[in-house]
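The primary structure of each chain is shown beneath.
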Amino acid sequence: MGLLDRLRRGLARTRAALGLHAPDAHVQEELEDALVLADVGAQLAHTLAAKAARAPDPWQALAEEAVRMLPAPRPIVWPEDGPLVVLVCGANGVGKTTTIGKLAWRWGKEGKKVLVVAADTFRAAAREQLAAWCARAGAMFFAGNEGADPAAVAFDGVQHARARGADAVIVDTAGRTHAHAGLVRELAKVRRAIGKALPGAPHASWIVVDAASGQNAIVQVKTFAEAAGATGIILTKLDGSAKGGIALALAHETGLPIQFLGVGESLEDLVDFAPDAFAKALFARNP
Amino acid sequence: MLEQLSSRLAGLAARLKGQARITDEEIHDALRELRIALLEADVALPVVRELVSRLRTRIQGLPLARSITPGELVVSAMHAEIARIIGGGRPELDLARIPSVVLLAGLQGAGKTTTAGKLAFMLARQRRKVALASVDFARPAAREQLKALAVQVQVPFIETEAGDPVAAAKEALSEAMRAGRHVLVLDTAGRQAVDAALMEELAAIAAAMQPAEKLLVVDAAMGQAAAEVARAFHEAIGLTGVVLAKADADARGGAALSVSMISGAPVRFLGVGEKLDALEPVDAESLAARILGLADWKGLLARVARGLEARASAPKARKRGGFSLAEFAEQIEQLLALGGPQAIAEHLPFALRRDMAGEDAVRRLRRMRAIIQAMTPEERARPEILNGSRKRRIARGSGVSVQEVNQLLRQHRELAKLAKRMRKGRGLGKLGAVLARTLGR
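Just so you know, the protein sequences line up as chains A and B, in that order. According to this note's numbering, the first sequence is numbered sequentially starting from 119. According to this note's numbering, the second sequence is numbered sequentially starting from 3.
Be aware that one or more of the hints could be misleading.
As the list claims (entries may be wrong) - Computed beta-carbon distance windows for the label pairs:
id	chain 1	residue 1	chain 2	residue 2	range
1	B	R56	A	K227	48 to 56 angstroms
2	B	R34	A	P174	55 to 63 angstroms
3	A	G229	B	R129	26 to 34 angstroms
4	A	A299	B	R129	48 to 56 angstroms
5	A	K227	B	Q156	38 to 46 angstroms
6	B	E94	A	S384	25 to 33 angstroms
7	B	R129	A	S384	23 to 31 angstroms
8	A	A168	B	A199	40 to 48 angstroms
9	A	R310	B	A209	26 to 34 angstroms
10	B	G165	A	P174	25 to 33 angstroms
11	B	R129	A	E383	35 to 43 angstroms
12	A	R310	B	E94	58 to 66 angstroms
13	A	K227	B	R129	49 to 57 angstroms
14	B	Q212	A	D267	31 to 39 angstroms
Worth flagging that the hints you see were computed from the coordinates, not collected in a lab. The structure displayed is predicted, hence computed values, not measured ones. Where is the CB? At the ideal position from N, CA and C, for every residue including glycine.
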């Protein structure tokens with residue numbers, strides 16, 4: 119299955135929600151409602167709809183505007199000496215652990231030696247869940263004890279990965295609310311610890327966002343971006359009830375690129391983000 | 003957003019000092035601000051539409067007190083409506099039966115398992131004999147997570163055998179009863195989407211267990227998808243309550259309102275932190291204020307209450323001039339409130355009576371109301387601007403023919419003439435008394 123097909127499959131709901139036929143009357147209002155229903159947010163929906171409604175083909179105009187708004191993902195540069203270290207963070211229940219399993223599987227398939235570090239030492243059975251995913255994905259697994267200092271676990275994990283000659287290290291952190299300053303500081307500390315274990319690391323820092331999130335995702339991402347020095351976003355659960363319009367709001371408000379999309383529950387359901395394919399899938403009139 | 007709403011309302015207030023009643027334009031402005039505020043709080047669009055339209059009919063022509071602004075009046079009315087919807091009126095869980103099952107359902111990652119642990123802890127502290135069990139065989143380590151939580155809150159955890167969730171749930175209940183437990187908190191597999199097969203499974207569990215409470219756990223940060231989720235879960239199992247999880251973050255939690263409105267189930271609890279005692283009963287008024295982004299809502303409500311009292315003792319403001327379409331809509335509303343066709347027929351002004359036969363009156367009045375609602379505030383204020391294309395739009399918007407729109411406008415003109423005559427002190431009598439009651443203030 120090609121990328122576009124996969125995306126289309128995952129976003130079939132989005133298209134259904136946004137309507138397959140061109141509106142005739144009340145164009146702007148219909149566009150605006152469709153955008154609001156997709157979680158673009160009231161204000162941005164209004165601006166985008168007002169602009170697109172004037173175009174000869176409003177849906178086409180929306181798609182083009184979306185491509186302009188959505189930053190392209192940053193290319194992953196594999197270091198020549200030592201592993202690529204990636205820090206993954208996000209709110210509770212957005213799909214961090216599943217996403218990490220998919221990432222590990224993907225890189226493993228590319229012939230990389232992957233080690234996953236469980237720095238979520240808070241949630242009950244978080245390690246067990248991650249270990250189960252690693253077993254499925256064929257990745258190495260490193261965990262600290264429940265209740266251990268996450269920064270220390272991250273430090274040990276990265277050192278362990280260097281000793282074992284891993285090509286990639288994925289550090290999982292506990293889900294946290296951005297409104298809890300102490301937990302946000304802890305995230306910054308984990309990041310610093312990784313940098314001490316391997317200078318220059320983490321090479322990438324990704325915030326996982328549930329596509330079903332509403333407007334609160336914006337402040338969520340902004341807060342994590344500061345603490346974790348985020349370089350990108352992973353948008354998950356696009357196969358669910360969500361429409362995924364929050365991608366536009368996030369691009370508009372944070373400027374961070376989306377790296378990957380989670381489009382299903384199996385290991386291969388993590389696809390590279392491509393602005394034009396995404397916009398096309400979001401606004402295409404004919405499936 | 004919080005500041006935004008306040009400054010918007012302050013703007014409204016500044017423009018509207020010392021008027022006798024809310025005009026259509028002010029209502030339009032206030033409702034537009036409210037619409038944006040609710041959407042920014044992630045209330046689902048169909049729910050926002052319904053709320054705004056309810057409020058519009060309720061406040062048209064409302065008299066104003068000098069000390070409160072139209073914005074304040076509109077916001078306090080909306081606040082009351084939201085609190086009524088999420089409050090439901092049945093605050094306590096119904097666990098009288100022995101055994102009682104509390105079923106927790108929700109999307110993946112909503113916070114079901116954590117909520118199960120917190121709920122068991124709360125019930126145990128109320129000295130209920132509670133047990134925990136999970137039939138989530140889909141997520142890796144889901145049962146291990148609940149078991150660990152059970153240990154932390156010192157509540158018995160009933161082991162289940164992976165396989166058929168319905169059989170496992172039944173087995174867990176018998177096991178709980180053998181252990182002398184009266185309440186079983188049952189965690190179920192999360193649904194990624196509204197998936198037909200999984201919904202059937204959930205419905206089968208609910209049918210077999212006959213839970214006393216069926217609670218939907220919703221992430222406070224959830225967006226527009228909440229509407230579809232609420233509909234699907236409610237159809238599958240019939241919800242009795244909503245738990246708003248992760249409400250300790252700064253999300254406004256509009257999803258709770260969407261789910262309550264669509265399912266008719268009240269919001270029961272808020273999850274407010276990672277600790278196991280972080281589950282709070284809902285205070286409907288304060289959750290309503292949070293959704294609206296109102297900082298000083300208690301102050302606002304007090305001000306509005308004082309203002310309304312002051313109005314009751316002040317001399318009545320008398321309105322001069324014509325009879326607007328908004329007033330016509332208000333009158334129709336009052337006629338509909340009278341009840342059956344008989345009562346309505348007795349109160350119909352002649353201008354309307356000619357066009358309406360008994361049984362049909364209610365339906366006709368509703369159609370007339372729909373026509374007026376489909377107009378813009380400007381059209382309602384100045385019906386003379388209604389040209390062919392506007393009339394066609396209104397007809398489409400209200401599901402009637404253009405002829406019916408024309409008929410309504412004709413009726414309105416006749417009533418307006420009548421009202422003018424009346425205000426000059428002529429043509430009173432029974433009809434005059436009716437009109438005076440419905441029009442005058």
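Against the structure, the hints:
1. B:R56 x A:K227: 48 to 56 angstroms: 55 angstroms, holds
2. B:R34 x A:P174: 55 to 63 angstroms: The hint (55 to 63 angstroms, Cβ to Cβ) is violated, given that R34 of chain B and P174 of chain A are roughly 29 angstroms apart.
3. A:G229 x B:R129: 26 to 34 angstroms: Violated - the Cβ-Cβ distance for G229 of chain A and R129 of chain B, about 59 angstroms, lies outside 26 to 34 angstroms.
4. A:A299 x B:R129: 48 to 56 angstroms: At 36 angstroms between Cβs, range violated.
5. A:K227 x B:Q156: 38 to 46 angstroms: 45 angstroms, holds
6. B:E94 x A:S384: 25 to 33 angstroms: With a Cβ separation near 43 angstroms, E94 of chain B and S384 of chain A fall outside 25 to 33 angstroms, so the hint is violated.
7. B:R129 x A:S384: 23 to 31 angstroms: 46 angstroms, violated
8. A:A168 x B:A199: 40 to 48 angstroms: 42 angstroms Cβ-Cβ, so the 40 to 48 angstroms window holds.
9. A:R310 x B:A209: 26 to 34 angstroms: 53 angstroms, violated
10. B:G165 x A:P174: 25 to 33 angstroms: At roughly 58 angstroms between Cβ atoms, P174 of chain A and G165 of chain B fall outside 25 to 33 angstroms, so the hint is violated.
11. B:R129 x A:E383: 35 to 43 angstroms: 41 angstroms, holds
12. A:R310 x B:E94: 58 to 66 angstroms: About 48 angstroms separates the Cβ atoms of R310 of chain A and E94 of chain B, which means 58 to 66 angstroms is violated.
13. A:K227 x B:R129: 49 to 57 angstroms: About 55 angstroms separates the Cβ atoms of K227 of chain A and R129 of chain B, which means 49 to 57 angstroms holds.
14. B:Q212 x A:D267: 31 to 39 angstroms: At roughly 47 angstroms between Cβ atoms, D267 of chain A and Q212 of chain B fall outside 31 to 39 angstroms, so the hint is violated.
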